[in-house]
Structures are given as structure tokens and as C-alpha cells.
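*Asks:* For the protein sequence lines, the chains are A and B, in the order given.
Following our numbering, the numbering of the first sequence begins with 1 at its first residue and continues without gaps.
Following our numbering, the numbering of the second sequence begins with 1 at its first residue and continues without gaps.
Each hint should be verified, as a subset may be incorrect.
[Unchecked claim] Sample of chain B residues lacking proximity to chain A, with all beta carbon distances greater than 12 angstroms (derived): (1) I76; (2) D110; (3) K118; (4) L193; (5) P209; (6) D244; (7) D262; (8) T263; (9) A292; (10) D298; (11) R304.
[As the list claims (entries may be wrong)] Mimicking SDA-like on lysine to any residue, the simulated pairs with C-alpha atoms at most 25 angstroms apart in a straight line are: (12) B:K269 to B:I307; (13) A:K337 to B:G140; (14) B:K308 to B:D221; (15) B:K344 to A:G369; (16) A:K117 to B:P321; (17) B:K38 to B:T203; (18) B:K196 to B:G57; (19) B:K196 to A:R281; (20) B:K196 to A:I209; (21) B:K220 to B:E236; (22) B:K344 to B:A305; (23) A:K30 to A:L310; (24) A:K337 to B:A145; (25) B:K322 to A:F345; (26) A:K117 to A:G332; (27) B:K322 to A:G73; (28) B:K196 to A:D278; (29) B:K322 to A:A68; (30) B:K322 to A:I297.
Source of the hints: derived by calculation from the structure; they are not laboratory data.
Every value quoted in this text rests on a predicted model; they were computed, and no experiment measured them.
Cβ atoms here follow ideal geometry from the backbone N, Cα and C, with glycine treated the same way.
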Amino acid sequence: MSTTVPVKAPMSGAKKQTPEFVQLLDPDGKRLSDELYDPWVSDVTGDQLASLYEDLIIVRRIDTEATALQRQGELGLWPPLLGQEAAQVGSARTLRPDDFVFSSYRENAVAYCRGVKLPDLVRVWRGTAASGWDPFEIGMATPAVIIGAQTLHATGYAVGCTFDGVDSVSVAYFGDGATSEGDVNEAMVFAASFNAPVIFFCQNNQWAISEPVGLQAQRPIADRAPGFGIPSIRVDGNDVLAVMAATRSALDRARTGGGPTFIEAVTYRRGPHTTSDDPSRYVDPVVAKEWEAKDPIARVEAFLRSEGVLTDELAASIQARADEVAAEFRAGCLALKNPEPLSVFDNVYATEHSGLARQRSQYTAYLEGFDK
Amino acid sequence: MTIETTAAQPAAAPAPAETVTMTYSEAIRDAMRIAMAKDPAVFIMGEDVGTYGGAFGVTGELINEIGPERIRDTTISELGIMGAGVGAAMTGMRPIVEIQFSDFTAQAMDQIANQAAKIHFMLGGAVSVPMVIRAPGGSGTGAAAQHSQSLEAWFVHIPGLKVVMPATADDAKGLLLSAIDDPNPVMVIEHKLLYKTSGEVRTGDIRTPLGVAAVPREGKDLTIIATGVEVSRALEAAEILAADGIEATVVDPRTLKPLDSDTILRTVKATGRVLLVQEAVRTLGFMSEVSAIISESDAFGYLRAPIKRLAGLDIPIPYAPKLERASVPQVEDIVAAATDLVRKW
Ligand SMILES: Cc1ncc(C[n+]2csc(CCOP(=O)(O)OP(=O)(O)O)c2C)c(N)n1
Ligand SMILES: [Mg+2]
Chain A
1 MSTTVPVKAP MSGAKKQTPE FVQLLDPDGK RLSDELYDPW VSDVTGDQLA SLYEDLIIVR
61 RIDTEATALQ RQGELGLWPP LLGQEAAQVG SARTLRPDDF VFSSYRENAV AYCRGVKLPD
121 LVRVWRGTAA SGWDPFEIGM ATPAVIIGAQ TLHATGYAVG CTFDGVDSVS VAYFGDGATS
181 EGDVNEAMVF AASFNAPVIF FCQNNQWAIS EPVGLQAQRP IADRAPGFGI PSIRVDGNDV
241 LAVMAATRSA LDRARTGGGP TFIEAVTYRR GPHTTSDDPS RYVDPVVAKE WEAKDPIARV
301 EAFLRSEGVL TDELAASIQA RADEVAAEFR AGCLALKNPE PLSVFDNVYA TEHSGLARQR
361 SQYTAYLEGF DK
Chain B
1 MTIETTAAQP AAAPAPAETV TMTYSEAIRD AMRIAMAKDP AVFIMGEDVG TYGGAFGVTG
61 ELINEIGPER IRDTTISELG IMGAGVGAAM TGMRPIVEIQ FSDFTAQAMD QIANQAAKIH
121 FMLGGAVSVP MVIRAPGGSG TGAAAQHSQS LEAWFVHIPG LKVVMPATAD DAKGLLLSAI
181 DDPNPVMVIE HKLLYKTSGE VRTGDIRTPL GVAAVPREGK DLTIIATGVE VSRALEAAEI
241 LAADGIEATV VDPRTLKPLD SDTILRTVKA TGRVLLVQEA VRTLGFMSEV SAIISESDAF
301 GYLRAPIKRL AGLDIPIPYA PKLERASVPQ VEDIVAAATD LVRKW
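For reference, chain B alone in the conformation it holds in the complex:
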């Protein structure tokens, strides 16, 4: 069977955006619906993605529209799902594979790290792996140590993979559609706490380009760079800070790889103070890299304060809700750290 794929072609320039309110999870579903309607090579595989509609309800009722052929419940085998996805992608399909919790990418890691990410390189560019891996990460749902990790740094550390972390409903849709277009394997790390949050989402076949950061708020006093669920916490903190006379710029890289360091450096130069916020454990997290990029650049000369990082404690996520909450940065931690940075320096 040969399948015409249209997805690799550049996206048509979208008409000025009309928006509707939808949840992050509906926005992801909308993106998949659009991609599947347009390109017969796009299909979904995962555990409980069919009738059940996904462990977090993301595929929802899509199976009723698209059918079980292209929305496939798989065996309980993450390595199998991933490897079959790689194989399908090598032959020109555009699989979207869902891993029920991003923690279970551990089972699939050979196919992600050694296969998906390396095949284009090791086959001399003759074959690409246009696969999208969707996986929910993060804590805050009472799911304990093996269902709550923030593992984005693992994937950023693997040449050959692109990594995105949508923080809003619109980005969840736009980044996913860009990821589906992309000829490389793209890891889309969604956040469980965001699935039910709502936002304005552009209708139709829209894109959020990979490798372009968002600056959802501009202020003169400091730059807060945050990823995933910490973006909404940073924005909430920025409101509180504003009431206290501190104006924060908030940067959401959106794509961790390739990273839009231009936007980061530009905003850092403008404010001279940086607060980096990640949910993942501190040691060698994504923000360690952001910190290094700033330190190595000419933006360093603009800093009036040491770079400050807020991150998860270097511990497995505890089950007890209060301890779980305490182990990753919350709004009040961001407010305190930002205030400290601005008042002290």
C-alpha cells in the first residue's frame, strides 16, 4: 500500500485567527482530528486510546469518527508500541503514539533513544522517522513516584529527537500539528494538570512553529523562564508580583529542542534578572542548560543578579498530596524567589 502523504509539505499560511475556548485535551484531540482528516498516513496507537478514549480522555470519542483501523488499542507493551511506530514511520506512515504516562517511556527507551533518534543518521539520511510520541508528564495528581516524573531532560539529551512541552491549549494544538508535519521524531510532553485547563484556541489547521518561544507577559524587572505547568504558575505569580510593583517578563520556550535562545537572551538583556522554573528535579535539568546558555552569552554582562533556579527536589515524587505539592515549585515559591531577586539586586 502506498500512501500519499501531504504532511511533509509546508503548511498553508493560516488565515487570521478565529478562536474558540477549549480545553488543552480537546485542543490536542482537535489537532489529531485535523491531521487525520488531511493525511491518511496519520494514525494513533496506544494503550486504551480506542473505546476508552485514553487514560486521560485525550483521544476521547475520536474512534467513533475515525474508526479502530487508525485509532489502535495496542498490547500492553510500550516497547512494542514505540518500535512498531518507528517501523511504520520508516515506511512513510505518520504515527502518533501515546504512552499512557511519560514514566513508561522507560520501557520504550531503546526504540526512542537508539532507534527513532538515530535511524536517519545511521542510514545516511535515506530514511526518516516522522513519528510523534505523546506522553503526559508531571506531578500533582496523586500518582506517586512512578507515574509523576518530569523526564524532559532525558529526551533533550538525545540528538535526533525534538522535544516540545506545550503549556497552553493553543500551543498544545499548534505544536502537535507542527510535530506531525516534522520529518523527525518529536517527543510531545503534555502535562496531566493542564488537560482540563481551558484557553482560546485558534480554529482550523493552525501551527505553532517548533523552535519559537512564547513571551506571554512582558515586564521590566525580571525574566521568568518556565516550562510546562510552571508556565501557568509563573503567570499567576507575575500577577501577584505586579500587585506588589514588580513587573515580570515570562518566557515559555515551548520547544526545548531546538531551543529559541534568541528570545531568551533578548528578554534577559532587557531585564537583567533571571528566574528559571522547572518542575523536574534540579540536578542537570533543562534549566541547567538555559542557565549555561545565558552565562556563556553576552547577556551575562547585562545580569545584575546571579541566575536563580527553582526546581523540583532531587527526590522521587511522594504519594502524600501535601508532600507532593511541596516537592515541586508552586506559585508562592516563584513569588518569593522573584521578590528576593528584585529587592536584593
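Bound-form chain A, shown alone:
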């Protein structure tokens, strides 16, 4: 298929459901037109959209498998991304290898798109390593678990790119809850002052553990950025095409010296905060149901079927591929080796220092005591 993803004029009288955000594919899979953002995805072919669809299916499958692994006692914890697939895939798939991502714990689909080795996704959650992967291999730092800290790192990295004179962009992923932290706000001030090529990509999944977004923000989160002098886009985070368009426009601004952009991807965390959370305590099931109807995958599927790109055969082969990936992921996870006791002294400092060396040798002697 070489047709590009067509724009159909909305039926007369039809209103966008939530007019205050960019949406190119509505929940029923109808292609809406948007003068400003259509050009950013005018080159996306049906096949390319099918490939994004495959990504969405695979990352959801990995997520399901990881939750199962945690339930089976193979992982200490897992932060599910169910519902947020489009926000992550749509943005991460637009990046170049030389761009750099600073994320928090939930961005497993971003890591997948950056090319992480599957078991590396759970190396930490299985307790087998302090760090999942080499950041420079995939252009993505290992996730931050201190809320908001990574937005400053992304800003510093972006300033570094301007020093180097390269047009790489750094992307900070964070949540709606994080926007209340000083770090995030200070990052925006800093980025604006130095015109840093950074994208602040906020997945507003409506929750910060049990706290609804209404506690963090009295207005749409995207409205905050202009006050810092940063242009912002509010996008339907469950619309992979719209997310792609928004991210491309932000990347273009950053690469051409226009500085930072703030993107609020409006989405919904359909699972628990982590596997140790029970959201039934605070989630209204009616609202949760409404969000299920805005599923990020179903709309792409409906659209691709209506365009004749997705056949039953192709859908089945994508599903089979996702199952294969999940099996490979599981096997890779189970094969991860426990770390050696003395490894606790590794990487505490970049170079060995005498005090720690002394503790290492005392500890070695202590461990040897057990062999006697």
C-alpha cells in the first residue's frame, strides 16, 4: 500500500467530541481533518500506520506479559501502561536515533520503540541489576523513579546539544502528577531561558497514584507552558497519528532553533498505578468504561479496516508476532541471572576509593567465612 493516510472531511454537523485537543483519528476510527497538523503526517502511508498498529499491539502484549510475570512472582513490581500505548508509540516512533529520551517508569513502549532488548525492560524489576540498559545504546536514559527529576536532565542534555552544534533533540516524558513538582517547573524556566531543544512530553493519564489530575491543575496542563514562554500542544494521547503530528512539529521547532515545546497527551491509565496498587479504591468505574471506549488501538484498527489495509489475515499475523515477542520476553526475563554479592560495591563511585575498597575487602572476607 502506498496511499497516504487520507483526510476525510468530518461529516457536516459532526462535532469533535473534545474540541480542545488535536485529534486526527476519532475513537470510531474516523479520520478528521486538521489544517495545522495534517501536513505533519501527510506522508504516513497506510502500511506505515499498519506498522504503528503492530507496535501498539506488541507493546500492549508485552505489558500484559509483564503483569503476568509479576503476578507469578517473577518480578518485584511492574508499572502497567495499558491505555497509554498511542501516546508513547506515536511520539517515540518519530524520534531519530541521535535524539535522547529521559523518561519515568511507565514508558516501556517508548523503550521498546527505542530498540531496547526485551529482557532489559525487566532487568531492574526482577532485581537482577541496578540498571536496565546502556543509555547510549538506545538513546534513552534508564527511567527516573523520583517524580519529575528527569525533566531537568533532559533540559541539560538539550543545552549540551546546542553547545555541540548538533540538531539532536531531547525528550522528557513525565506524568500529570509530575507537573506539580518544582523540578518540572524549573526545567521549563531553564529551557525557555536557554532556548533548549527539548520536548516536554506530559502524558496526562488522569491519575497520580490515587490523586486525580484535578488536584494538580485547575486548567488544562498544556495551558501552563505558555506562561513560561514555551509553546504548547494539547493532543489526543489515544490517537497515534495526532501524537505523531504533534511530536513532529515539536521536533521540527527544536531542530531549527525554535527551542522547547510542551505537549500534553491526554490519555488514561486503565490499569493500576503499579502491580501493588488496587485502583478500585478510587477509580469511578463509569469513567473508566468511558475511556475504554476511546481505546488507542481499536480506532486504528477500525480505520485500517475501513481503508482495506488491515485484513483478517494481517491482523492474525500481527497477533501471532505479538505472542512471539511475549514468549521471547518471558524467556529472556526468566533467564536473567542473579547478581553476585560483591557487585553491590560496583559503580558506587566512578573510580574506586579507599574507604569503599576497605569495605569491599572486609565483606569479601566475611563471605569467605561461610565457605569454611
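We have chain A; now place chain B with the ligands onto it with these hints.
*Replies:* Same frame as chain A, now just chain B with the ligands:
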């Protein structure tokens, strides 16, 4: 709005203690319930403390009794929570602020170290900051390097703050109620592993005074001084040691600042051997100070053995459960070190 505060008045002498069994976490909740019922100036702020009942379930269902006005879910902003708490305390409220993990006090540190701790001093005593900061510390739950630290020494190092580390359910309640009464900012470092442990807790509006150590066990051979979760490990070790004919005294300072050095020195003189146990990293930990206090005092002359410290390795807490366990003192380490001290000296 003016609010009558009764909390600053001395506590009524409690009637002879009636006790019930409850968990450490229920005991903290009980203390907050009692304080809030008595004094409308007492309120709670923190992340997920409302409907969710706290990340570790400590506030639990309190919101249903007290309401969202006084049990406030805040924005995800530790600096904000702390600073707003300082402001509220300056105007006569008695905030109890919860920081979800004590590691995140790092975000709030300006308001703790430069503001809460200094305002009374820098305003010439005109204003006090009667705020309680509750924060769970410690390792053992598989929460890795940024959610497992034992940072008590940071706070002890800041003049103007009081610091308590309850090790039992009863102390968790009694110390918290004393902290709420106290006109100074008090840092209450709870331990995640203790939340679900149970003990006998005195009922009603009781107190454990700040600045008074507990001696939960007396024995003639050595003094084990421990804090936080290491107190229960020391007591468990003492049982094992007793079976081997070694009688240990166990001292739990309970309040790190102000420290009850009298009790420490008295017990050290009585046994002549000291084992200090902390979960925090070794270098410049709280027990370094205890060691120095003993060395500088006349108790030094009573020592028959060098002072021995057991502490966490000087490393970030690893995620792997076995490594995590190995990086801080466990019961068997205490038994081995105590046996060594007594047998060698
Ligand atoms: C500084 C800090 N404060 C609090 C926490 C505890 N915590 C972990 S996740 C979370 C909620 C974050 O919500 P949000 O930023 O919306 O991200 P989401 O989990 O929804 O992806 C909180 C409060 C933390 N890890 N770090
Ligand atoms: Mg969120």
C-alpha cells in the same frame, strides 16, 4: 480564623496504662485520631493520604471520620507540602505532614533545613513552627536505592529539629503524640518494615516523652544500642545470645535529638561492652555520635572492649532482595558481633 490550640499545654498525667494489641501503623493512626479529636488545629497533609489511606496505609480510613478538610491530599510536590506546613505552623496550626518515602525529604530540604528548623531562631523566638513531619525510612521492602535510605543523620545534623525513630507500636503512638505537642518541628522517621508489626499499645491520650531512651532488655554482659528496625533485630539477637549464655542489655534511644545520653552511659558503665547497631550507612551515622559520646565520657574508663559498630555498607541500597538484605545489619550479624565482643574481651 483563630483556632484555640490545646496541644501546647502539658499532657494530663495518663491513668495507669490499659493496653490493646495493634500494629505500628494502627498505633500511628490512633495517635493522629486522638490529636485531631482534641485539637482542631491538628491536620494532615500529604500525597495519597486521603481516600487512598497513604502509600503504606497509615492514614487508612481516617478521612471517613475526619473529612477531607483536615486530611488533605496534596499536589505531588514535597517542597510545597513542607513549605505550606511551615506556613500553617507559623500561624498556629499543628500540621502533620506525610512524606511518602523519607527519601523524598530531599525535595523538601530547603523548607526543612533552612526554614522549619531556623525560623524560631531567626525570628528571635517570636514565632515557632510546631510541625510534625512523618516519613517512612529504611530498607527491606525491595524498593531500591531511591526509596530505601536511612537518612536520620541528615536531620539530627540540623539544629532546630527534633528527631524521633519509633521502634515499637506503643512508641510510635506515644512519641507521635509528644511530637504533636512539641512547639518545635519534629521529624518522625517511621520504618516500613515495622508498619505491620504488632505490639501492646496503651489506650487513650498517652505520651512517650521525647528525649527519654527505652531499655527493653537488661543483661550484664554487653550493651547493644540500636535504632529503628535494628531494635527488634537486637532484641531477637539478645534471645539467641541468652541461649548461649550471653546476657545483653538493649537500649533504644527512641529520640535521636535530644538524645538521652544518661541512659546510654549508665548502661554502658554497667556492662563495659558496647555494640552499636544502625541500618544507615556507616560513615558519620548516628552511631558515630553515640560512640563519640561514650568515648568522651567517664564511661570510657569502664570499657573492657573497643566500641563496636554495625552499620549499613556505604552503598546505595540494591534492588535485588538478597543483596539488599546483605547490605544492612541482620540478626545474625548482631549475634556474631556480640559473641565476638564478649568472648574476646
Ligand atoms: C519525588 C517523588 N514524590 C513522590 C513519589 C511517589 N510517587 C510515585 S509515582 C507517583 C505519581 C506520579 O504520577 P504521574 O506523574 O502522573 O505519573 P504516572 O504514575 O501517572 O505515570 C508518586 C506520587 C516519587 N516517586 N517521587
Ligand atoms: Mg499520571
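*Asks:* Now tell me if each hint is right for this structure.
*Replies:* Hint-by-hint comparison with the structure:
| no. | hint | result |
| --- | --- | --- |
| 1 | I76 | violated (4 angstroms) |
| 2 | D110 | violated (10 angstroms) |
| 3 | K118 | holds (20 angstroms) |
| 4 | L193 | holds (16 angstroms) |
| 5 | P209 | holds (36 angstroms) |
| 6 | D244 | holds (18 angstroms) |
| 7 | D262 | holds (33 angstroms) |
| 8 | T263 | holds (31 angstroms) |
| 9 | A292 | holds (19 angstroms) |
| 10 | D298 | holds (32 angstroms) |
| 11 | R304 | holds (24 angstroms) |
| 12 | B:K269 to B:I307 | holds (12 angstroms) |
| 13 | A:K337 to B:G140 | holds (21 angstroms) |
| 14 | B:K308 to B:D221 | holds (14 angstroms) |
| 15 | B:K344 to A:G369 | holds (18 angstroms) |
| 16 | A:K117 to B:P321 | holds (24 angstroms) |
| 17 | B:K38 to B:T203 | holds (15 angstroms) |
| 18 | B:K196 to B:G57 | holds (10 angstroms) |
| 19 | B:K196 to A:R281 | holds (20 angstroms) |
| 20 | B:K196 to A:I209 | holds (22 angstroms) |
| 21 | B:K220 to B:E236 | holds (17 angstroms) |
| 22 | B:K344 to B:A305 | holds (8 angstroms) |
| 23 | A:K30 to A:L310 | holds (15 angstroms) |
| 24 | A:K337 to B:A145 | holds (20 angstroms) |
| 25 | B:K322 to A:F345 | holds (14 angstroms) |
| 26 | A:K117 to A:G332 | holds (9 angstroms) |
| 27 | B:K322 to A:G73 | holds (15 angstroms) |
| 28 | B:K196 to A:D278 | holds (18 angstroms) |
| 29 | B:K322 to A:A68 | holds (23 angstroms) |
| 30 | B:K322 to A:I297 | violated (40 angstroms) |
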